[in-house]
Amino acid sequence: MAETGESLLRFENVTVRFGDTVALDNMSFDVRTGETRILLGAAGSGKTVLLKTSMGLNTASGGKIFLFDEDVTRMPEKQLFEIRRKIGMLFQESALFDSMTVAQNVAYPLLTKEALNPPKKRMPRDQMEATVRDSLRFVELEQTMVKYPSELSGGMRRRAAIARAVVTKPPLLLYDSPTAGLDPITAHTIMALIIKERDVDNTTALVVTHRYQDGNLVANFRYNPKSGRLDPAAGIEGSGTGNNTIFMVLKEGRLVFEGKQKELEASSDSYVSKFVKRPEKEAA
Amino acid sequence: MFDILKGPILAIQEFYLLTGRALRNVGRKPHYGDDVKLQMDALGFGAIPIVVLTGAFSGAVMSLQMGRALQQYGQTGRTGTVVSIILVRELGPVLASLMVAGRNASGIASELGSMKVTEQIDAMRALGTDPIQKLVTPRMLAMAIMLPCLTVIDDFVGMIGGWLIGKLIYDLDFLQYWSQTWRALAWSDVVQGLLKPFIFSFVISLIGCFFGLRASGGTQGVGRATTQAMVMASVAVLVLDLFLGLIFVPYSGF
Chain S
1 MAETGESLLR FENVTVRFGD TVALDNMSFD VRTGETRILL GAAGSGKTVL LKTSMGLNTA
61 SGGKIFLFDE DVTRMPEKQL FEIRRKIGML FQESALFDSM TVAQNVAYPL LTKEALNPPK
121 KRMPRDQMEA TVRDSLRFVE LEQTMVKYPS ELSGGMRRRA AIARAVVTKP PLLLYDSPTA
181 GLDPITAHTI MALIIKERDV DNTTALVVTH RYQDGNLVAN FRYNPKSGRL DPAAGIEGSG
241 TGNNTIFMVL KEGRLVFEGK QKELEASSDS YVSKFVKRPE KEAA
Chain C
1 MFDILKGPIL AIQEFYLLTG RALRNVGRKP HYGDDVKLQM DALGFGAIPI VVLTGAFSGA
61 VMSLQMGRAL QQYGQTGRTG TVVSIILVRE LGPVLASLMV AGRNASGIAS ELGSMKVTEQ
121 IDAMRALGTD PIQKLVTPRM LAMAIMLPCL TVIDDFVGMI GGWLIGKLIY DLDFLQYWSQ
181 TWRALAWSDV VQGLLKPFIF SFVISLIGCF FGLRASGGTQ GVGRATTQAM VMASVAVLVL
241 DLFLGLIFVP YSGF
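So the protein lines, in turn, are chains S and C.
Letter by letter, the first sequence follows residues 1 to 284 of this note's numbering.
Letter by letter, the second sequence follows residues 1 to 254 of this note's numbering.
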């Protein structure tokens with residue numbers, strides 16, 4: 001089991017208001033290196049707001065937000081751009097740029113990063129192409145490089161967006177409802193990619209979802225590089241993903257639960273237990 | 001009671017902030033030269049057909065009406081002078097800008113609005129790019145370069161349209177018409193005729209970007225932003241034209 005280390009994303013009593021509506025109410029949590037946090041919540045509970053606030057895309061009305069131990073709460077946008085480049089984010093509707101091909105979309109974070117370097121120190125074109133190709137191969141979309149996002153299916157777009165999020169190998173990844181609106185098979189593929197990214201690159205992640213089974217997969221399965229599939233974590237030596245997977249439950253902008261899977265399953269809170277019981281009902 | 005004014009005042013403040021940021025970014029790195037060229041093609045070259053048509057018909061109509069009025073004084077030969085002055089000083093810049101405002105302010109607003117509602121603007125910010133630098137400044141620069149050029153095309157085609165009508169209806173002599181149009185123009189007319197579209201270009205592109213970037217509420221919001229951008233840009237062109245006229249006319253020798 002990897003030791004949890006330094007703080008990558010920390011909320012200290014953060015409140016976000018839009019006019020009179022309180023979207024996040026006094027939220028505090030700390031995402032540390034090596035963790036995968038699963039944030040569960042019903043629609044409208046503030047999950048997306050939380051992710052966007054983490055990156056400074058929304059402004060907090062109160063409290064403090066720390067990214068890589070730096071206070072970003074009142075940081076000017078220009079300075080924030082540098083910190084954001086260290087974070088990969090998957091948006092709910094993929095948010096791929098329509099006017100660019102898939103390859104250009106995936107290359108975008110690299111180009112943005114390289115544009116700040118002097119021309120002579122920039123990554124050579126062929127190396128950049130190889131990196132983009134590797135990233136698309138990671139999500140098994142190498143064949144779609146020259147296609148436009150509008151030519152892809154919903155699941156493929158989500159995969160291309162994952163490739164864009166991970167291309168710079170960021171230490172922290174934020175996934176906004178990666179399985180929302182997808183069929184169960186595609187949803188499983190997307191979750192498998194998230195687990196693969198965690199196990200191959202050892203990234204820390206915050207996964208926002210409304211499906212408990214997504215969190216269950218992350219907590220109990222590992223990517224097997226030999227077979228290229230997911231195996232139950234208990235059967236693999238050195239596993240222990242369950243210990244690094246922390247669940248959080250959001251209800252109307254408030255954090256009502258934070259803890260391991262076992263604690264979540266044992267919770268007597270009616271709202272929290274609704275998320276956990278869902279798969280059992282489905283199985284029945 | 002003052003609550004009603006809060007919204008418009010906030011919008012004006014945000015518009016000025018956007019304008020300030022877009023202008024400040026002109027000298028800041030990174031520069032998106034390729035995007036400027038791309039927008040020059042889309043917003044400038046793409047608008048040539050509509051500007052040519054507007055110019056040709058406005059020049060022709062002016063020649064038709066002015067020729068008739070001048071005929072009463074036996075001055076049909078001065079048609080070229082009137083067409084030239086009115087086109088270069090007033091109608092060319094205003095009509096070209098109005099047509100471009102209709103085409104481009106709405107185009108920009110719908111494009112940026114769609115990007116806003118599909119989270120592409122947020123994605124851009126998340127990926128470490130300033131959307132104003134990447135999207136607004138290139139459009140502003142492209143319009144500032146292309147609109148004066150389009151106005152020159154509009155003026156010239158308008159003069160040709162005026163000559164065609166002059167020849168067909170009033171049997172004007174080719175040399176007489178063109179020497180009249182040429183001699184009628186002073187440098188102040190040309191400066192005014194190019195300065196106006198240059199100023200209008202900022203208003204058109206920035207209004208388009210402003211409404212696009214504040215679009216919300218899905219496709220309906222994009223539609224609303226597009227309409228607002230087109231209406232506001234057209235009205236702004238007309239209002240600004242009056243104020244610029246008030247500044248320029250005292251210095252134009254009339």
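These aren't lab readings, by the way, just hints derived from the structure by calculation.
Honestly, I wouldn't trust all of these hints.
As the list claims (entries may be wrong) - Capping the alpha-carbon separation at 20 Å, the derived lysine to aspartate or glutamate pairs in EDC-like fashion look like this: (1) S:K113 - C:D35; (2) C:K29 - S:E82; (3) S:K113 - C:D34; (4) S:K262 - S:E114; (5) S:K147 - S:D98; (6) S:K260 - S:D98; (7) C:K37 - S:D98; (8) S:K78 - C:D130; (9) S:K78 - C:D122; (10) C:K134 - S:E35; (11) S:K251 - S:D269; (12) C:K134 - S:E77; (13) S:K113 - C:D130; (14) S:K251 - S:D25.
Exercise. Find the hints from earlier in the document that the structure breaks and name them by number, from lowest to highest.
Key: 4, 6 and 10
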